[in-house]
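Single-letter residue listing:
Number of protein chains: 2
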Amino acid sequence: MHGLIGKIRCTPGQRDALASILLDGTAAMPGCIAYVVARDPGDDDVLWITEVWTDAASHQASLSLPAVQDAIARGRPLIAGFEQHVVTEPLGGVGLP
Amino acid sequence: MHGLIGKIRCTPGQRDALASILLDGTAAMPGCIAYVVARDPGDDDVLWITEVWTDAASHQASLSLPAVQDAIARGRPLIAGFEQHVVTEPLGGVGLP
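For the record, the sequence lines run as chains E and U.
Everything in the first sequence is counted per UniProt numbering, starting at 1 for the first residue and increasing by one.
Everything in the second sequence is counted per UniProt numbering, starting at 1 for the first residue and increasing by one.
FYI, nobody ran anything at the bench for these hints, they're computed from the structure.
If you're wondering where the values come from, they're calculated on a predicted model, not measured in any experiment.
We treat Cβ as the ideally placed atom computed from N, Cα and C, and that holds for glycine.
Please note: incorrect hints may appear among the correct ones.
[To be verified] To spell it out: a stretch of chain U is covered by chain E in this simulated footprint if at least three of its residues, at any positions, have a beta carbon under 8 Å from a beta carbon of chain E; those stretches are:
#1 28-41
#2 45-55
#3 81-92
Generate coordinates for the entire structure from the input sequences, incorporating the hints supplied.
Structure representation (C-alpha cells):
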C-alpha cells in the first residue's frame, strides 16, 4: 500500500473552505482506501491530510480525475504552502483491508 | 472525531518487530475508526502511526485495554523515541463514517 501524510497551510481564514473543496473532490477515487481531511486544533490555518492507497499508481491516476482536477484548481488559491509531505508504506491496521 | 499522527523512531533493526506488536495489540479497540501502521521508506528505523477515533475519550480508554497495555510493554524496549506527535480533528473523508 501507499500512504501520504501532508500538512497544508491555508491562506488565513480559508481553512474550512479548503476542507470542503477537498472533501467534495475526493469522494470517489479508485484505489483510495483512506483520505482524511483534519484540522489542526493548535493552528487555525493548518489542515492535515492522511491518505492510504492500494498503490502509488492509483494515487497518481487520481490526480487526473475531473473531480480532483477541479478541487486542485479551486483549492490552489486557498493554499499558502505545503509544510510537510511524507510518503509512507502502510503495513496494516484498523480501517485497512 | 479525534485524530493522531505519530512518528516513532525504533531501535535499529527493530522496526518490523515493533510494527507487528502494534498491529497485534490494536485489532479490537472500541471507538477506533482507523489505526494505520506504516513504514517510512526513506528511513529504516521510522514508523508512522495515523489514527482516527470517534472521540478523545475512546482513544484514552483504549490505553487501558489489556491487549494495548501488553503491546505498550512489549513495544517500549523497541522504541528509541517519539519524534512527532500531532493531534488533529478529522472532518471527514474516504474511510470515515
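Hint-by-hint comparison with the structure:
no., hint, in the structure
1, 28-41, "holds (count 11)"
2, 45-55, "holds (count 3)"
3, 81-92, "holds (count 7)"
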